[in-house]
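Using the hints, put the two standalone chains together into the complex.
Going down the list, the protein sequences come from chains W and L.
Here the first sequence is numbered in the numbering used here, starting from 2 and rising by one per residue.
Here the second sequence is numbered in the numbering used here, starting from 2 and rising by one per residue.
Be aware that a few hints might be false.
As the list claims (entries may be wrong) - Taking CB as the label site, the calculated pair distances span:
1) L:F720 to W:E35: 24 to 34 Å
2) W:E35 to L:R483: 53 to 63 Å
3) W:K67 to L:T480: 48 to 58 Å
4) L:S465 to W:K67: 52 to 62 Å
5) W:K5 to L:I781: 36 to 46 Å
6) W:E106 to L:T776: 27 to 37 Å
7) L:L798 to W:K5: 51 to 61 Å
8) L:F720 to W:K5: 35 to 45 Å
9) L:S526 to W:E106: 51 to 61 Å
10) W:K5 to L:I545: 56 to 66 Å
11) L:I545 to W:E35: 50 to 60 Å
12) L:N507 to W:K5: 57 to 67 Å
13) W:E106 to L:K488: 51 to 61 Å
Unchecked claim - Here are the simulated SDA-like pairs of lysine to any residue, each with C-alpha atoms no more than 20 Å apart in a straight line:
14) L:K688 to W:Y53
15) L:K696 to W:Y53
16) L:K668 to W:M24
17) L:K688 to W:K31
18) L:K678 to W:G93
19) L:K698 to W:K31
20) L:K698 to W:P82
21) L:K698 to W:H86
22) L:K696 to W:K31
23) L:K698 to W:Q84
24) L:K775 to W:G19
25) L:K678 to W:G19
26) L:K678 to W:M24
27) L:K775 to W:Q84
28) W:K31 to L:F713
29) L:K269 to W:K31
30) L:K678 to W:Y53
31) L:K698 to W:R20
32) L:K196 to W:G19
33) L:K698 to W:L108
34) L:K775 to W:K31
35) L:K371 to W:M64
36) L:K775 to W:Y53
Just so you know, the hints here were simulated from the structure itself, not pulled from any lab data.
All values derive from a computational prediction rather than experimental measurement.
Ideal Cβ placement from N, Cα and C applies to all residues, glycine included.
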Amino acid sequence: MNIKERKSGDICVIGVEGRLDTMTYGILEKRLLEMIGEGQIRIVVDCSEMEYISSSGLRVFLMGLKKIKSMNGKFVLTRLPDQVHEIMEIAGFTTIFEIRKTEEEALTVAGN
Amino acid sequence: MKPAGNRRNSRFHGLAFRYGFFILSGILVIFIVAFTYTFSFTYKILLEDARQNASNVTQLTIAKIQHILLPIEEVPDLMVQKLEYPENNTFTILKTLREFVLLNKEVYGSCLAFEPYKFDPGRKYYAPYFYQKGDSIISKNLGGGDYDYFRMGWYSNAKRTGKSCWSEPYYDKGGGDMLMCTYSVPFYRMEGGKKVFTGVVTMDISLSSLRQIVDSIRVYKSGFGFLISNKGTMITFPDTTLINRDLFAVSRKLRGTNIIGVFEDMMKRGSGFVRLRNIHQEKPSWMFYSPVASTGWSLGLIFPSQDLFASFYDFSYRLVTIFLLSVMTMLVLIILITRKFTKPLTTLVNATRLIGQGDFRFALPVYRSKDEITQLANSFNLMQEELQVYIQNLKETTSAKNRLESELDVARNIQMGMLPGSFPQRDDLEIAAKLEPARIIGGDLYDFFLAGDDRLYFAIGDVSGKGVPASLFMAITRTLFRSRNHKEEALNLIMAGINRELCRDNPNQMFVTFIAGMLDLKTGSMELCNGGHNPPLILRKNGIIEKIVHHGGIPFGIYEDTPYSTFKTTLEEGETLVLYTDGITEAANIQHQLFGEENLIKLLSTVRELNPGAIVSTVFETVKTFAGEAEQSDDNTMLLVKFRKKSTVAGLGSPSLSSGQEIVRLKISNRVAEISKLVDLISDLEKRWSLPAAKAKEINLALEELVSNIIFYAYEDEFDHSVDIEFSKQPGTIIIRIEDDGKEFNILEADSDIDNSLGIDERPVGGLGIHFIKTFMNKIEYSREGGKNIVVLTKEL
Chain W
2 MNIKERKSGD
12 ICVIGVEGRL
22 DTMTYGILEK
32 RLLEMIGEGQ
42 IRIVVDCSEM
52 EYISSSGLRV
62 FLMGLKKIKS
72 MNGKFVLTRL
82 PDQVHEIMEI
92 AGFTTIFEIR
102 KTEEEALTVA
112 GN
Chain L
2 MKPAGNRRNS
12 RFHGLAFRYG
22 FFILSGILVI
32 FIVAFTYTFS
42 FTYKILLEDA
52 RQNASNVTQL
62 TIAKIQHILL
72 PIEEVPDLMV
82 QKLEYPENNT
92 FTILKTLREF
102 VLLNKEVYGS
112 CLAFEPYKFD
122 PGRKYYAPYF
132 YQKGDSIISK
142 NLGGGDYDYF
152 RMGWYSNAKR
162 TGKSCWSEPY
172 YDKGGGDMLM
182 CTYSVPFYRM
192 EGGKKVFTGV
202 VTMDISLSSL
212 RQIVDSIRVY
222 KSGFGFLISN
232 KGTMITFPDT
242 TLINRDLFAV
252 SRKLRGTNII
262 GVFEDMMKRG
272 SGFVRLRNIH
282 QEKPSWMFYS
292 PVASTGWSLG
302 LIFPSQDLFA
312 SFYDFSYRLV
322 TIFLLSVMTM
332 LVLIILITRK
342 FTKPLTTLVN
352 ATRLIGQGDF
362 RFALPVYRSK
372 DEITQLANSF
382 NLMQEELQVY
392 IQNLKETTSA
402 KNRLESELDV
412 ARNIQMGMLP
422 GSFPQRDDLE
432 IAAKLEPARI
442 IGGDLYDFFL
452 AGDDRLYFAI
462 GDVSGKGVPA
472 SLFMAITRTL
482 FRSRNHKEEA
492 LNLIMAGINR
502 ELCRDNPNQM
512 FVTFIAGMLD
522 LKTGSMELCN
532 GGHNPPLILR
542 KNGIIEKIVH
552 HGGIPFGIYE
562 DTPYSTFKTT
572 LEEGETLVLY
582 TDGITEAANI
592 QHQLFGEENL
602 IKLLSTVREL
612 NPGAIVSTVF
622 ETVKTFAGEA
632 EQSDDNTMLL
642 VKFRKKSTVA
652 GLGSPSLSSG
662 QEIVRLKISN
672 RVAEISKLVD
682 LISDLEKRWS
692 LPAAKAKEIN
702 LALEELVSNI
712 IFYAYEDEFD
722 HSVDIEFSKQ
732 PGTIIIRIED
742 DGKEFNILEA
752 DSDIDNSLGI
762 DERPVGGLGI
772 HFIKTFMNKI
782 EYSREGGKNI
792 VVLTKEL
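Same shape as in the complex, but just chain L (with noise of 0.2 Å):
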């Protein structure tokens, strides 16, 4: 993370700048729809008021021409009626037309002008006309030379139609020259009781000082109006180029769109208010226009779109003005008011960053009022609070776990310590063993030791469980088989033994699978005791792996009163007994596929030439293989016995065997009706051996007597044990060695002398048998190996 860029970022995407965003969004799109009613509204409104002002504007100007107009109209129409009548002195007349020349600065010139012959029969033209010049009137009388006013338009029209008529704009030569319009009415003499035409008298004004009545009105700010005749001849007009240029000129002049349709409408005399684009300075606009009543000419009026509206578009630009103010304000106050509230979201959120970098130095100001944020921010700070006591206890609970850690370490060199490091270079023997615990230590064990020259005892074991606990087990475990006298105890007896100490104080109902074994160096006769581990495997001469499945009793730790019992083979010389645990059948690959014990048989038969310790590394890196990535969940634990020849230091109790000499051996159990097997083994080896019949019987009353002495007191449980009986036969003697795992029982210490002088209430009851088989036998011999009672009696023949 970037602290800096996240700063900036946050700039933009902090609360105060999202609401102030969303809020004035909102406004904004209230107020374009608020404004855009109030302007279409007011428009329509200001449109019509203008369209209204327009109108009156209109006809006000109107007023004002048709007020210079009327007395230029009235004075020759009252000439006109007085001319009618020739008796009235045309002197007269004409002084009154030259004084209203005089007093009317907007009249140019005024003309009265006769018929040819009419006024003088004498003279073709008569027609005096007064003109301004200067301040003064000029008198002239027009015709003659090349001016034939009778063909001019404003004396022919008014003869042909016979009424008063404004003539259009036209260039004066014959006394103005200039631009003007002339009013003129015709007037009548009754001749021979008709109407003749008799002449016109005519007012002249110029075009000039009709501008100048035209530009006087003022059209707000910079309108105008202007002056079309009948015939669609421009009589005034701002751009002088225009007067007196008919429309079409004008038209093309203006390219407004429409101005030739409204041109047209006007020539009708009608009026409207219609919206020009490009008119006069080619500013958006609004004409006006209407017909000025007596002369036939129509007036326009332009209004600028920015004068009419003005106080419209005033009114919408303070509004808006007023508006992004106040928009610009709002935004500035809800920037501050936001970050005011969230002043502590800030504050947290760099406190969150410091506490992210470990650092939990910084305080907190405590906030007053109880909204939510200050809510979070005093639960931040019992948090920060907390955290520093979490971490506190943490970094103790570390340094702690770190220092049980290293205790683990010197834990498990105490652990392999405790399993045997060197193994016995022996020509009769060869082991190998291997544990590889699962966790730091673990809950595997293995064990061999040599007990005299010729017993092997070994051992594996799987305490449930992994870690300190299972590898305290295992240790206890180990020390109880190391602890048991296995000179005179039987190996089943010591398993019982290790089971009774471990159930007598298992708070944790821990438990642990368990092999024991004795292998006999000097005959290969192994003895196993299997409390519920994976059932060994023997690699047999002939190729076989045999597996050996005798349940020998349950596991250590769960009932302390439970029997064991022991399983009987030989391993001939080049067989190899396999021990191990289930970590290495149980060993799991990622897809918790498991290795198997199938799989383990058959990689045996392939190494099972190789030495034991190159079987253990192979079988270990097999399983490490087939594990692959996936972890080890358990200890692997493996020991092999290879017993490669019989030893030759012969033991108590066994007698070299010379020629002649015939062995026979009887197992029972110690079941009373099985001394029925031993009786009938003794009257046959009597016919077989042809024994005397008294030494026989003799041998069959110690025999009796030891044997059910050990079935009735050898054993304080109540399950199978086995008896072993050998007789071997050599010249003159009869040797008998019976062997029972029964409790120490010496029978040369034990006490059978018989008191004859006691009383038969005094007599006790046992030592009996013990007596007859001292009597009866010639030499007796006890011993105490391995957990059993040896017994050697030698009868002489």
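Bound conformation, chain W alone (with noise of 0.2 Å):
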């Protein structure tokens, strides 16, 4: 797995490619942690390169919502593959989190 990040004002887009699983949560759970220590309250997930997600995954995005949802911040998930999208469904992920399918929705939702 590999994480990318971009700014777009005070938005930050983190884009997360291959898999996102029990190996592997633990590098985006910490990043993810140490954005929100810095304030950086403004998350948009870009999921377009993620090949699978797994509870581990989810448990993680769930980690974030939380705490920014605490500190009045924006936590979007954007260009979700239809298995990633799948699974959320099954997990019933979907009616929690906010879900954009372009990235311009989704960095409107986290302006605002």
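Structural data, given as structure tokens:
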């Protein structure tokens, strides 16, 4: 798994590439906590290059969402592949997360 | 020991006798030295006294003899002076001589002998002689006939020498007809201005009267005197046969060694004091001799030693007698005194003998004095009392020990009863075992039992130490092994559990080496978990004896939280597992050589074809022969498990294989990184088995969730465990079997329903994975067997 970060105003876009699973979730979790610790509370996760997600990955998303919500920030997921989306659905996460099809939409949601 | 003989002996070896003997020996030596000195000193003094005494006696005797002889000599001397003058009347002179003979009994006779024709020119012989006969004096004129007195010694000697002299003894026939000596004095008359020999005046003295004189001298009790002439003729002697014999004849008769020399000295008019061995009556004697002045004779006085030293001998006898009496008295006293002092000892000796025979009733008297023997006696009394108490205690202890030993027998029966007595009679399995305790009860154990139809559990162990504590520990261990839930618990966890229980209450710090194993009778797969025990051996089919060196953990009872790991192998049909305790390999012979593992392996290779029971017997016999006379120092235990053939009974989760079936197995350890192996395998299988990508991803997700769940939650320790995953592809279906030895977790009963109505804050983090599995898999089966969670997932394609 790789993480790519870029800034768009005060929004940080994190690109998660590859498998987000039991073996890799820790990397993302650590990075997210760092950002939030630094006051970065507007985050968009770009999942377009994500090949696979397991419950461990979902837990990281859930953790990020809870932290940022408590700080009145925004945590938005965008460009989910079908497989990942299906899993989010099965897990019932689609109702909890802000999920947008495109990055623009996501940035808009995150910017408000 | 023979008391009678001992007592007789002690009489001569007892203290009393020995003290007496040694003290008296000392006294005896001192006395002998003192006595010898006194004796020799006294002897010298007495000898000098005796010599002085003898000298005095001799002088006195000589004086007596002289006293008698002197007048005999004086009268003729006086007469001679008168006869020199012819005017003096010869008859007056004769009258005087006659009166003298009459008055002097000692004098036998007297003669006045004239030269031929001197008295009367007409008479050749004129020699008037007076001699005694009875009480009267007879006068006789000598000469004429055959008696020519001029030739007689008494006459011729005086005439020749011109001196008065005593004749040698002779037998006189002229007048006396007896032995006599004659004193002759020559007289002269002036004729023509010349002194002319005219005649001789004689005095005869008979030897018998001389002898009476000498014999009248009493020298002590049995001493005597004798006279010899200056020519060596014996004049007087108590033995009359020797009188008038010469000295050679005398000395021959007397056989004195030095008598000749003494006689010679006597003839030379010497005097002395000599010791003679044999003279007269053959008694040791001393002799004093001295000349009798005028006569030229010598007087010898014989002093018998016993008379001479009578007082000395008397003194000596008294001394020795007194000494001997005092020695005897002393001996008696010493023995009495020592006996008195050693009487307590004698009593002690008797008491000791009685005590030695087990009789403690003999009471010793109490002594009041404070010497060592009394102290000993009193100590002995104390000892006797203490011995009684001690023996009483010993009796009690012994009976207690006997009781304990019979209880130990019972304990042994119980212990042996714990061991499986009967061996399962099965086609697929053959078990043999034997335990031979070193002491009555030992600390080894073995056990086996079947869990279900197709799992054989077995174990062997060795408790540190022997005897009751070890056997109790062994019993606990074996009970714990039996009481674990073998269906639910993995072997290594069973081991950890037993260890924990044993550690919890182990005040004596005992420990037990232990191997537990499980043989799957369907497949022959076998698990072994070795807690510090001797490595087991497997008699492989190919002839190799494989030693399973795998450290599964430390012995039980040392650390409470210590992990155990399992070794997995497979027994092919006909292969045998050999478990044993170190009593076998460490059996020692009297040279302290050990039987050793190498010997065991060699032995096993020669008997490997036998059945397990025969192998066990052979090994035990061989070890016994090896040890020989040496005492068995440790328990000997062996357990053999022979896998004969695979069981036909099919169990849960082991699908029967059909053609076209392909099975892929993966074993990963309980680390997160290991999941990548699983992911890789699934993507590999996706290609090999042409699985739809979506299905592969679902399988991937379900397995990741399942395996990560196991990795995160199944184990409570920090150690390696393995998860076995088996994929089998069947037409239209993939069956995945996941096996872990983690804690029991029934996935089917896990709460995994997702409540979508819950808000973000209420959402539980767990449960998602199981939800995914249930979502993506078509069938989920769970079972708990042999301490393992077995999950079988079915995914239809």
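Now for the hints, and whether the structure bears them out:
no.	hint	in the structure
1	L:F720 to W:E35: 24 to 34 Å	holds (33 Å)
2	W:E35 to L:R483: 53 to 63 Å	holds (55 Å)
3	W:K67 to L:T480: 48 to 58 Å	holds (51 Å)
4	L:S465 to W:K67: 52 to 62 Å	holds (56 Å)
5	W:K5 to L:I781: 36 to 46 Å	holds (38 Å)
6	W:E106 to L:T776: 27 to 37 Å	holds (29 Å)
7	L:L798 to W:K5: 51 to 61 Å	violated (36 Å)
8	L:F720 to W:K5: 35 to 45 Å	holds (38 Å)
9	L:S526 to W:E106: 51 to 61 Å	holds (57 Å)
10	W:K5 to L:I545: 56 to 66 Å	holds (58 Å)
11	L:I545 to W:E35: 50 to 60 Å	holds (58 Å)
12	L:N507 to W:K5: 57 to 67 Å	holds (59 Å)
13	W:E106 to L:K488: 51 to 61 Å	holds (56 Å)
14	L:K688 to W:Y53	holds (18 Å)
15	L:K696 to W:Y53	holds (13 Å)
16	L:K668 to W:M24	holds (18 Å)
17	L:K688 to W:K31	violated (35 Å)
18	L:K678 to W:G93	violated (29 Å)
19	L:K698 to W:K31	violated (26 Å)
20	L:K698 to W:P82	holds (13 Å)
21	L:K698 to W:H86	holds (13 Å)
22	L:K696 to W:K31	violated (31 Å)
23	L:K698 to W:Q84	holds (9 Å)
24	L:K775 to W:G19	violated (25 Å)
25	L:K678 to W:G19	holds (16 Å)
26	L:K678 to W:M24	holds (11 Å)
27	L:K775 to W:Q84	holds (17 Å)
28	W:K31 to L:F713	holds (19 Å)
29	L:K269 to W:K31	violated (163 Å)
30	L:K678 to W:Y53	holds (16 Å)
31	L:K698 to W:R20	holds (11 Å)
32	L:K196 to W:G19	violated (202 Å)
33	L:K698 to W:L108	violated (30 Å)
34	L:K775 to W:K31	violated (30 Å)
35	L:K371 to W:M64	violated (102 Å)
36	L:K775 to W:Y53	holds (18 Å)
Checked against the numbered hints above, the structure breaks hints 7, 17, 18, 19, 22, 24, 29, 32, 33, 34, 35 and satisfies the rest.
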